Amino acid sequence: MGFVYTGLYIALALIVAGILSWLFRAALVTVMPRQTARALRTAPLTASFGMLTVLLYVLVALFAPLIAPFAEREVVGAQYLAWEAPYYLGTDALGRDMLTRLIYGARNTVGIAFATTALAFIVGSLLGLWAATVGGWVDQLLSRFVDALMAIPALIFSLLLLTIFGTSVLSLILVIAAVDATRVFRLARSVAQGIVVMDYIEAAKLRGEGMWRLITREILPNAMAPLVAEFGLRFCFVFLSISALSFLGLGIKPPTADWGSMVKENAALITFGDITPLLPAGAIAWLTVAVNFVVDWQLHRASGLKE
Amino acid sequence: MNAVYRMIGQRLLFGVLTLLIISIVIFGATELLPGDLARALLGQSATPETLAALREQLGLNEPAYIRYFNWLGAALQGDFGVSMANKRPIADLISSRLGNTLFLALYAAAMSVPLSLLLGVLAALWRNSLFDRTANALALSAISFPEFFVAYILVFWLAQAGFFPSMSNVNATTGFAERLYLCFLPALTLTLVVTAHMMRMTRAAIINLMAQPYIEMARLKGMSPLRVILRHALPNALAPIINVVALNLAYLITGVVVVEVVFVYPGLGQLMVDAVSNRDIAVVQAIALIFAAAYVLLNLLADVLSTLSNPRLLHAR
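For the record, the sequence lines run as chains A and B.
Note that my numbering has the first sequence beginning at 1, numbered continuously upward.
Note that my numbering has the second sequence beginning at 1, numbered continuously upward.
One chain only, chain B, in its complex shape (with noise of 0.2 Å):
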């Protein structure tokens, strides 16, 4: 069990330091811009007074390393700064939107993640049939469509029609029943998007394992297809299973971006494309952060959790 210990130790450490160099990344992208910020955000024709006026606010005269490390300490005590556009704190303007946001993931990860990974055993177990190739075909089409193209098909199919809303403006006191029935076109939209890259890949992962001499072995002996797929092949594709799933979870939380703003929704996504057109660097770069690590804790979990389904990999000789 120690081994095990070490290594998710080891990860987390990882973790944290892929986190900080993403902080530097994102707070230090800001150094790019030929002049600065102020300069860049008030155009050429700025007096020197109101540039002068700018920077104080927005505390450019100092160093940009005792910068990033006051923004980093207060960042880490929830403290983002206040927002350029409407003076109000991020942290205040944030809150409510991540829980919204996260309750949509999670809702549409709810749905796609035990769909796909069934289509992806089915898929494999009635390999080159019709079935199978017609997955496949709606999958690969899938994966290419945008997903406000998704998004305003089923708004035309379903919410058209009068089944579910086509704007799922939710507020705090939005019962859970309600709630769901309100986010269900856009959860449906991101299990539409995701599901297809899950279930090509489990299918994948488990026709790799078919010609290995355990499976010919446990065919021989007299199991049924759909046992031998879901005893002896699905265990052993597990780690490339997790790996994707975390990868389309990740996606999920950005990807709300787009089917955010379809929607309405009010959350993170449509927050951030706001102050990306309001050019309010203080409160992208809070989201930014958020995105990114969620992402990175994302992607540590799936290699935790894929080192773990594999026996082998935790007794290494």
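The shape of chain A in the complex, shown without the other chains (with noise of 0.2 Å):
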């Protein structure tokens, strides 16, 4: 019998996101200036849906502490109290509200998780094109370099280096993006030997521009587009990353609140058949699916696609 309800819950969430997303696209086309609204209107439900989930996630950690009924380390209670107001998702195992520590935890875990992609990105993807731009044996040593660390499966190098520097938040998010970075600086190396050997590249040389000029005015906006892409997709995998060496114990720690490391916290759980550990580990899941389909979408309209 658990199953037919399980099966009938999830039919009637998917019923109420497809709603919920429909409702939300018709709100973005008429808000949104008229080239934003063309692209909204061809963009299939899954799309709208990641926006929508993004955007939630964004409202709750930027005003969590709003929203939230309790302090994020605040002892309120016994520990595993069943979900019962003003506790509505129960306590964990120091007898902290469930809820408080989900709603931080996105500010923390997809904070810590969009610095860390931003930076991986900032260094990689500049060494990327600068790399290309320049060419020759500057080009030859950094890919060596990175073909030499992309041999290391990144959870394991991830795992060396941070028995090296010790774990830590700071030491987390370093080490993650310098692993990520590599994988940033593969795509936009590749993507901008396509443009450097254009015809307008050549003129601008020729006028004189400098290197930083020629590759944030000339090459960076021509390589937008997969770049962008490969933003979404890498703070995926950072996200995931995090949350797996968090969920490890080796990443964020508590008392500050995060996703991963509450799944490890209150497992035990799990096998009593309370749900709550899952919780956590859904909004994890939930904001991956969400930007994977935003991503989908942009590149499939990238692709330029008919379909």
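Hints were generated in silico from the structure; no laboratory data involved.
This structure is a prediction, so every number in the text was calculated from the model and none was measured.
Hints are not guaranteed to be accurate.
Listed next, the in silico DSBU-like pairs over lysine-lysine satisfying Cα-Cα at most 30 Å (straight line) [as the list claims (entries may be wrong)]:
(1) B:K87 to A:K253
(2) A:K264 to A:K253
(3) A:K264 to B:K221
Bring the two chains, given one by one in their own frames, into a single complex with the hints.
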């Protein structure tokens, strides 16, 4: 019987999500300027669902202290209380309010993942564009170095670096950013290689444009579409690896509210048939799926396929 | 045939070179520290005496390249030194766990590879149907789920009801059938995580070929759609499929880390996580080297197999 109910709940949730995404798309089309609205009108429901989700997460992260009923690290009651008011999602192993920590998790986990992605992106794409523009031995040196780093599986390499630098939030951000920057470098370099052979780059060089201007004004705008899609995908990877490391107890640590470590702390409840520890894991999965939907749509648009 | 041997020889040589570079990176990473390893492990408050003692113990008084060659030479003979946390030889710690990890990875591979090929072919056969769309949406979601989420959902559904154990505590005396039963949930988790990717790539590789003239020819002579795919499309799509299968098998070997922790499975991943939190660098280096070697080996295998699957690459003009 349990399976039937679960199936019904999932179907119901999908229908509600579909209606909400449809409404959200309709709202976006009327609010946005004409150019954007035209692109949005053809967006699939999955993409608008993705955008709605991302907006929701950003709002929750920004206004966490206003939404959350308690303080992030406050012990409010006995441990593992049931789902009853005023603890709508119960309490965790130390008696902290689960809902509050979920809300603050949006701020900590997503915020750290975003900062890491941004760092990886700035370093990786600038180096990649630079390598492709300069060419020659700089390019060879950087590319072979990145190849060597990429031959080691990402998770294993991050674990190695975390052992060396110790486990703290700062070293987590730097380590993951360094590992992921190699992937961004690869993409940025290969995209830019197709651009630097163009005539307008030649013209810009003859005009005497400097390296920085050449990269930021001539190459970057033309490499933007694949890089933006890559940013979304990279965010998913970073977000998942940070959560995995936090889950393993090597990333963001308590008392900071973080989804990965929240799953770990409360995992014992699952064997008693309580789904509370699945909520933070679900929050991670939901955001990743949403970002993937948006990226999928953008890639489809950029590829120019009409199907 | 000569060309084949030469190609395999070249790839092997290249693989060995890659491994050598990886070993340099894994070993050299400790040199990135400001100060040295002993200082990092003991913290700022360490006395000069304890620092000197630890340096002596770690062999830090010799130059890096000598230490590297000593380490590599010993590692090649199966001697990875002793663990800093419990002073036991690392080779002993690893040997029993390596078997467990390989067993789990192979178990998951035995389930996921046939499943994903079947689903991929079916999705390509019934493309744009409800089946295809559902499979694609599910696959995209499965790719985006963290492993521990999938694992705990399975625990919630299957272990809670008493079908399978939520902890896979195997030991050396556990029989094969018992092992299959105990490891079912971790293997299923890994299967779900990698199947999605392999299925999508199989479908894409086949569909890419569907516009080729020879496919149209086969269709025009009245072949059934399934036969067109199996006889004409699949053999030509083998190269990308082999590559993505190998990539995912390589992923299985590293992906076990999280899954092993969830199911308290005595494998290499679990050992590595413990070693990272203890900052037991020698153990981490040894396991990283093993994982990286497996990764390189699988990629090498994929490279050779996909070249063999395409006769045109064998007889280069």
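Q. Against the structure shown, which of the earlier numbered hints fail to hold, in ascending order?
A. 3
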